[in-house]
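Go by the hints and put chain B onto chain A.
Number of protein chains: 2
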Amino acid sequence: MKLGRLNHIGVATPSIADSIAHYRDVMGATDITEPFDMPEQGVKVCFVNTPTHSTGSGHSDSGGTQIELIEPLDENSTIMGFLAKNPLGGQHHVCFEVPDIEIAREAFEDMGKRILGPTRIGAHGTPIFFLHPKDMQGMLTEIMETPREGGHWSN
Amino acid sequence: MKLGRLNHIGVATPSIADSIAHYRDVMGATDITEPFDMPEQGVKVCFVNTPTHSTGSGHSDSGGTQIELIEPLDENSTIMGFLAKNPLGGQHHVCFEVPDIEIAREAFEDMGKRILGPTRIGAHGTPIFFLHPKDMQGMLTEIMETPREGGHWSN
Numbered sequence: 001m002k003l004g005r006l007n008h009i010g011v012a013t014p015s016i017a018d019s020i021a022h023y024r025d026v027m028g029a030t031d032i033t034e035p036f037d038m039p040e041q042g043v044k045v046c047f048v049n050t051p052t053h054s055t056g057s058g059h060s061d062s063g064g065t066q067i068e069l070i071e072p073l074d075e076n077s078t079i080m081g082f083l084a085k086n087p088l089g090g091q092h093h094v095c096f097e098v099p100d101i102e103i104a105r106e107a108f109e110d111m112g113k114r115i116l117g118p119t120r121i122g123a124h125g126t127p128i129f130f131l132h133p134k135d136m137q138g139m140l141t142e143i144m145e146t147p148r149e150g151g152h153w154s155n
Numbered sequence: 001m002k003l004g005r006l007n008h009i010g011v012a013t014p015s016i017a018d019s020i021a022h023y024r025d026v027m028g029a030t031d032i033t034e035p036f037d038m039p040e041q042g043v044k045v046c047f048v049n050t051p052t053h054s055t056g057s058g059h060s061d062s063g064g065t066q067i068e069l070i071e072p073l074d075e076n077s078t079i080m081g082f083l084a085k086n087p088l089g090g091q092h093h094v095c096f097e098v099p100d101i102e103i104a105r106e107a108f109e110d111m112g113k114r115i116l117g118p119t120r121i122g123a124h125g126t127p128i129f130f131l132h133p134k135d136m137q138g139m140l141t142e143i144m145e146t147p148r149e150g151g152h153w154s155n
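First to last, the sequence lines map onto chains A and B.
Counting in UniProt numbering, the first sequence runs from 1 upward without gaps.
Counting in UniProt numbering, the second sequence runs from 1 upward without gaps.
Honestly, the hints are just simulated from the structure, not real lab data.
The reader is advised that the hints may include incorrect statements.
If several chains are the same, the list does not tell them apart, and a pair holds so long as it fits within one copy or across any two.
Cut-off 20 Å, straight-line C-alpha distance, at most; resulting in silico cross-link-like pairs (EDC-like, lysine to aspartate or glutamate) [to be verified]:
#1 K134 / E34
#2 K2 / D25
#3 K2 / E106
Note that this is a predicted model, so its numbers are computed, not measured.
With the rest of the complex left out, here is chain A (with noise of 0.2 Å):
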């Protein structure tokens, strides 16, 4: 396997509305997605795009890895015990990319990694999966297919 891309990092908020005023008034983000709920993971989310270069020639971009903020939907979600013990939010999780889920599930499975859940739908609408943080060095990974070039991943 191959390190690929730090996509984004998740991070857990008790309001998305307070966090995206927080990026946008005081860290000056100009690129923020609208916030959408992914139900099956009692989630709402929504992505601060931050540039890949500070200064420079003055076009704008756009293609750094992202802040994937995420908000409780209910009670059962499953970032409420991240929240319990972390009340104003705070860095929840990692995500790398690789160019096949197939091949990546099969080469973690092998190390002996485990893998939390089946492999499924992520916020980017290409397939994901979740690996265990005592396994990884003390941090939730998610492992997530690159998007294809053009649009949506689809089967």
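Then chain B, alone, in the frame of chain A:
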């Protein structure tokens, strides 16, 4: 202020050697910098360089958001408290670039954000400061001046 590049995520580890082996052997990283000591912070650090594209033309690139691995140098290290709570290590901070550290410091101060200590030289050789996690959505946040093209920042 305009959102800058997500330069790196800081990841605490009880053993930088073990973490390097993890990123190399499990995640497939091919570009990891040599660890070096920062005695004034009580830490040893190195950087895992990540690609900006996972798939594509096969050209090598490593200009993505870095993973900064941080191991304590001694019992007084700034990350001992974090590791006491997270013995396996984990996500410790995030670091965004700004074009001018003094302007950024003044802007955060004007917004009432608590700054932790003086501006100092960080692991990339450019000036940095840290913001209190309680003022930053639960995340310890480092602000770093973008390295000048062609070399290190100098005064």
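Hint by hint, here is what the structure shows:
1. Taking the closest pair of Cα atoms, K134 and E34 never come within 20 Å of each other, the shortest separation being 33 Å inside a single copy and 26 Å across copies.
2. Taking identical chains as interchangeable, the C-alpha atoms of K2 and D25 lie at most 20 Å apart only when they sit on different chains, with a minimum of 9 Å there against 37 Å within one chain.
3. Proximity of K2 to E106 under the C-alpha cut-off of 20 Å is restricted to the intra-copy arrangement: shortest distance 14 Å within a copy versus 41 Å between copies.
Hint 1 from the earlier list is the only one contradicted by this structure; the remaining hints agree with it.
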